[in-house]
Amino acid sequence: MKERVSRHFRLFFKSESSSGSVLFGCVIASLALANSPLGSAFERILAQEIGFITTHLALRYPILLWINDGLMAVFFLMVGLEIKREVVQGELASFRKAALPVLAALGGVTVPAMIYLLINSGTTTAGGWGIPMATDIAFALAIIRLLGNKVPASLKIFLSALAITDDLAAILVIAIFYSADIHGLYLAYAGVILLLLLTFNRLGVTNLAFYLLPGMVMWYFIHHSGIHATIAGVATAFTIPITQQAAKSPLEKLERALLRPVNFFIIPLFALANTTIRFEQGMIEGLTTPLGIGIVLGLLIGKPLGIFLFSFLSVRTNLCELPTGAHWKHLAGVGILGGIGFTMSIFITFLSFADQPQLQTAAKFAVLTGSVLSGGIGYFSLLVISK
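To convert, note that position 64 of the sequence shown is 52 in the numbering used here; the numbers rise steadily by one, no gaps.
Hints in this document: simulated from the structure, not taken from any laboratory.
Please note that a few of the clues may not be correct.
[Unchecked claim] Here are the computed lysine-lysine pairs in the DSSO-like style, where the Cα-Cα straight-line distance is at most 27 Å:
(1) K138 to K375
(2) K317 to K236
(3) K375 to K236
(4) K144 to K317
(5) K144 to K375
(6) K138 to K236
(7) K317 to K138
[Stated by the list, open to error] Across the chosen pairs, the derived CB separations fall in these ranges:
(8) S109 to E37: 26 to 32 Å
(9) K317 to G192: 41 to 47 Å
(10) G136 to H171: 41 to 47 Å
(11) L45 to L371: 46 to 52 Å
(12) S109 to R84: 36 to 42 Å
(13) G172 to E31: 51 to 57 Å
(14) E31 to V76: 40 to 46 Å
Every residue gets a Cβ at the ideal spot worked out from N, C-alpha and C, and that includes glycine.
Please model the entire structure based on the sequences and the hints provided.
Structure representation (structure tokens):
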């Protein structure tokens, strides 16, 4: 009996969709916790600072920040490794396929912002135009992985590349329009570290310590520059060497090592910490205001419309080609999943309405509503398409 249970447990952890199940279990637990008598205590735990500060180093932050900026950089490292592998050897090896998710992400960024501005033009909430722009890569990938082999593998790569490009665009928008405190010197230090990593790559260095340790230093400098530190994970991933022999490839060794810790610890913990939304009076009514309508329509309509439209134009003009084994209906379904804004959208909400807690509450609920609808509709659309 014990051996049977152990075998089922191993099969569960090998299943690609099981990580998504764990993730959404944490979402439900987090929402329940936030709206229970334990909600305040949980928020205090997340706000508890850990780390240290010295004359030259400042590494004391709230637990929530360590999760969102620290552990999520490891998640971005793993996704970056997947993207690089596909660019070098796989689905994104040709320019026409690699360019498609980039151009699709451009549509997924601009159209939601235009819809929001159209609805909120001339109002006090017009400054929140960046809220529906972002795709939450963790939740979007978790949903498509729930579908397992029901969708082409190339579609998961397309969504990964799209979501990373989308996140980079969101980080750029935050840096230019929502941040007043960017430190160029720290960015320059991070650039020097990146050049060092690229030099190691060119010299054929295969020891992962020569990439991961400087990558941590680069994370520190990017974090202190005022830009979201998860970019360090992607930058480090793109410098790690890959070889034709999978057994000897540093990139694939690291990717295999990160797979389970990321899927079964980092992402569920991220969900547990970031879905602590307390339902308050007036949230439902807030969905009928220009702010609520702009966010929900931007995520639910603007995202899929922008992604699909830019993809369609790119393919029809022969600039790009569809992912292997995918059809237009697949791209429509993935476009809907792109409407899962969540974490980055909520982050932009705080920046947009820094001194307006009522608007923050209304916007957070609108983001949650738009993201849940996009996730549910996108999942069932792709499930129906697969049949």
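Hints, verified against the model:
{"no.": "1", "hint": "K138 to K375", "verdict": "8 Å, holds"}
{"no.": "2", "hint": "K317 to K236", "verdict": "38 Å, violated"}
{"no.": "3", "hint": "K375 to K236", "verdict": "39 Å, violated"}
{"no.": "4", "hint": "K144 to K317", "verdict": "14 Å, holds"}
{"no.": "5", "hint": "K144 to K375", "verdict": "18 Å, holds"}
{"no.": "6", "hint": "K138 to K236", "verdict": "31 Å, violated"}
{"no.": "7", "hint": "K317 to K138", "verdict": "14 Å, holds"}
{"no.": "8", "hint": "S109 to E37: 26 to 32 Å", "verdict": "41 Å, violated"}
{"no.": "9", "hint": "K317 to G192: 41 to 47 Å", "verdict": "44 Å, holds"}
{"no.": "10", "hint": "G136 to H171: 41 to 47 Å", "verdict": "44 Å, holds"}
{"no.": "11", "hint": "L45 to L371: 46 to 52 Å", "verdict": "49 Å, holds"}
{"no.": "12", "hint": "S109 to R84: 36 to 42 Å", "verdict": "37 Å, holds"}
{"no.": "13", "hint": "G172 to E31: 51 to 57 Å", "verdict": "34 Å, violated"}
{"no.": "14", "hint": "E31 to V76: 40 to 46 Å", "verdict": "43 Å, holds"}
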